[in-house]
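Asker: Next come the chains, spelled out residue by residue.
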Amino acid sequence: MKTIAMAWRNLLRQKRRTLITLSALIIGLCGLVVFQGYITSLMRSARDRTIYAGIGHLQVARSPGYFEDGEFNPYAYALKDVDRLLEGLARQSSVLAAFPSTGFTSIAGKGEKSVTLLVKAYPAERMFFAPPQGPVLTPVDKFTLGTLIAGSSLSPGDRDRIVLGETAARILDARPGSVVTLMAVLPDGGLNGRDFTVDAIYKDPGRDKIFAFTDYDTAVGFTGIEGAAVVHVLARDITEVNSIASGLPGDLAVRTWHDLATFWVQANSMFIGFLAVIRAIILLVTLFIMANTMNRIVCERMKEWGTLRAIGMKKRNVLFLVVMEGCLQGIVGAALGILLGFGVSELLNLHGGVPVPFAQGEQRVIVKILLSGQAVWLNLIPAGLFAGAAAFLPGLRAVRLTPSECLRQI
Amino acid sequence: MNAPKQFARLPHERKEICMSLISVRNLQKHYRLEKTDTPALIDVSLDIQAGERVCLMGPSGSGKSTLLNLIGCIDAPSAGSVIVDGEDTGSLGDGRLSDFRNRRMGFIFQSFNLIPVLSVFENIEYPLLLQKVPARERRLRVEELLRKVGLEQYGRRSPENLSGGQRQRVSVARALVARPRLVIADEPTASLDHATGNSIMQLMAEMNESEGATLVFSTHDPSVSRYAKRIIRMMDGRIIEDGSAA
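Residue numbers (this note's numbering), protein chains in the order written: chain A, 1 to 410; chain B, 1 to 246.
Worth flagging that the hints you see were computed from the coordinates, not collected in a lab. Here the structure is a predicted model, which means the values were calculated and not measured. Glycine is no exception: its CB is placed at the ideal position from the N, C-alpha and C atoms. One should not assume that every hint holds.
Said to hold, decoys possible - Far from chain B, by Cβ distances over 10 Å, these chain A residues were calculated:
| hint | residue |
| --- | --- |
| 1 | 19 |
| 2 | 69 |
| 3 | 105 |
| 4 | 197 |
| 5 | 254 |
| 6 | 259 |
| 7 | 285 |
| 8 | 304 |
| 9 | 306 |
| 10 | 310 |
| 11 | 342 |
| 12 | 346 |
| 13 | 403 |
What the hints assert, rightly or not - Below, in silico cross-link-like pairs of lysine-lysine (PhoX-like), each with a Cα-Cα straight-line distance of 20 Å or less:
| hint | chain 1 | residue 1 | chain 2 | residue 2 |
| --- | --- | --- | --- | --- |
| 14 | A | 113 | A | 209 |
| 15 | B | 132 | A | 315 |
| 16 | A | 315 | A | 303 |
| 17 | A | 314 | A | 2 |
| 18 | A | 314 | A | 303 |
| 19 | A | 2 | A | 209 |
| 20 | B | 132 | A | 2 |
| 21 | B | 132 | A | 314 |
| 22 | A | 110 | A | 2 |
Please construct the entire structure, taking both the sequences and the accompanying hints into account.
Answerer: Written out as structure tokens, the structure reads:
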């Protein structure tokens, strides 16, 4: 304990030099903490957008094949006894909402114009389209499927209504109130056609070219399919997903959002790797600076090492003292860097956060930097270890000489 | 007040029947300077009895410090043996040698060599801390020594705020705190003015009497050597005279 106290006091012996040595670590980690907070916040926001854009926290299907081609062939995977499954899910306190969905491929025509559409059908009360003006709080018990650019969203009880994507609407020259005819191939191979009234037109880059939305009951009536293709589950808390999944019957195929949001998972892994590389570079730079400083410190204090060993301190304890001094320097530097990073993050958050440069749609997305405990241990522990490692070789130098050789050094 | 603890002997100690506290035989030490072997000690043999107060005298480069370093086990000889308190120091590994120095020896240096990040109290206490002596016993022993060296008011001070004489008193207290059998002082007055040097030597002589530790010190100042009962004169790495002080 006394050795640690001595290492700490040695650290404060030349405060200016300590501060200069640690400046690389402090500035580097400050930047890293801000960047990490921004990326974490951004990825969390992207994760939630992905989940609420139609995946849900959990999907339950009849067989694993649904997750491969079910979206384009929903008839093949109709779930049996959906109501019982929904009742069972509703009883779980961690489930916020559970609802069925289905879909069909169709050709939509209006006059002489036609487009191919993939129609997704959810209960009307589970579909939400953001208003065009400004950011809004999105509901947590519905899917947010895009931004309305004309008309109003589907209401429960509405039948034979459809929300068209901007591109499809433009091709069909459809507006809210227009009637389009949908032709779909039924499970038995027959064709069915029906007029749908356009309730609204939405925008969602990448999706509005192909996807249209109608309510679940209309889709069931139109296709005549018994049972939903899949059941979506929205959890109260994302951490409860696995416990919900484990409570489901074993004969059903279950996928969590993590299994389904492959792009998000890849992007997140890439950012984590990116941050790790930056952290490694900062720590390596610190290691070299620290090793140089510790080398100087060891040389300057040769007489002290000699004295300590003369009065009975063992070599390993001298080495421990030097390494501990390095560790403490690293920990102090990292702590200051993290604190500064938190301060800068708070300042940025106070000024409204940081805009997302590649935000989709017309809404300007602002991300508030997330301050997490993870940023503390993820930076503090490696910094302490790296700095301790940087002090190891200089420490060996302190114990390589005999006490009398140390005492002879000027 | 409880009596201070009498420290136990090292567990590995093999006490030999030996009259001398220090027995040096055919000791040689060579330093290698730029591919040339420079002899610092040439075939030195001597015995020092327990409780003696011995002064090594001689000009610079005569081998005084080298001999003290070898007796104090802070350097290794090129040849010969050093037996201290019945222990052949050449047979001890570094860890055991550290324990041996800690329990059996005290060191006083020319430039005091106090640890600047420790207070006066902590500097004196440190050898006991290495022995893991309980805190209460450490405090009592340090307070006792602070009184003996006349620094009882200075325990909390940093050594940097003390005069040279006061620092050397702290150094004396540190050397004696573990009740060593042997105290080695290399030019203990060289950094002090004449009066302060004399007061330090007076203190060391008193401590030699009261604590019973054998004192071996070096100097080239004849006025300092008068505090010794035995004077060993050295020249060019050899003992040229060994006799009682006049």
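Asker: If a hint holds in the structure, say so; if it does not, say that too.
Answerer: So, going through the hints one by one against the coordinates:
no. : hint              : verdict
1   : 19                : 18 Å, holds
2   : 69                : 71 Å, holds
3   : 105               : 78 Å, holds
4   : 197               : 84 Å, holds
5   : 254               : 60 Å, holds
6   : 259               : 57 Å, holds
7   : 285               : 28 Å, holds
8   : 304               : 6 Å, violated
9   : 306               : 7 Å, violated
10  : 310               : 5 Å, violated
11  : 342               : 31 Å, holds
12  : 346               : 36 Å, holds
13  : 403               : 4 Å, violated
14  : 113(A) <-> 209(A) : 15 Å, holds
15  : 132(B) <-> 315(A) : 17 Å, holds
16  : 315(A) <-> 303(A) : 14 Å, holds
17  : 314(A) <-> 2(A)   : 14 Å, holds
18  : 314(A) <-> 303(A) : 15 Å, holds
19  : 2(A) <-> 209(A)   : 71 Å, violated
20  : 132(B) <-> 2(A)   : 11 Å, holds
21  : 132(B) <-> 314(A) : 14 Å, holds
22  : 110(A) <-> 2(A)   : 86 Å, violated
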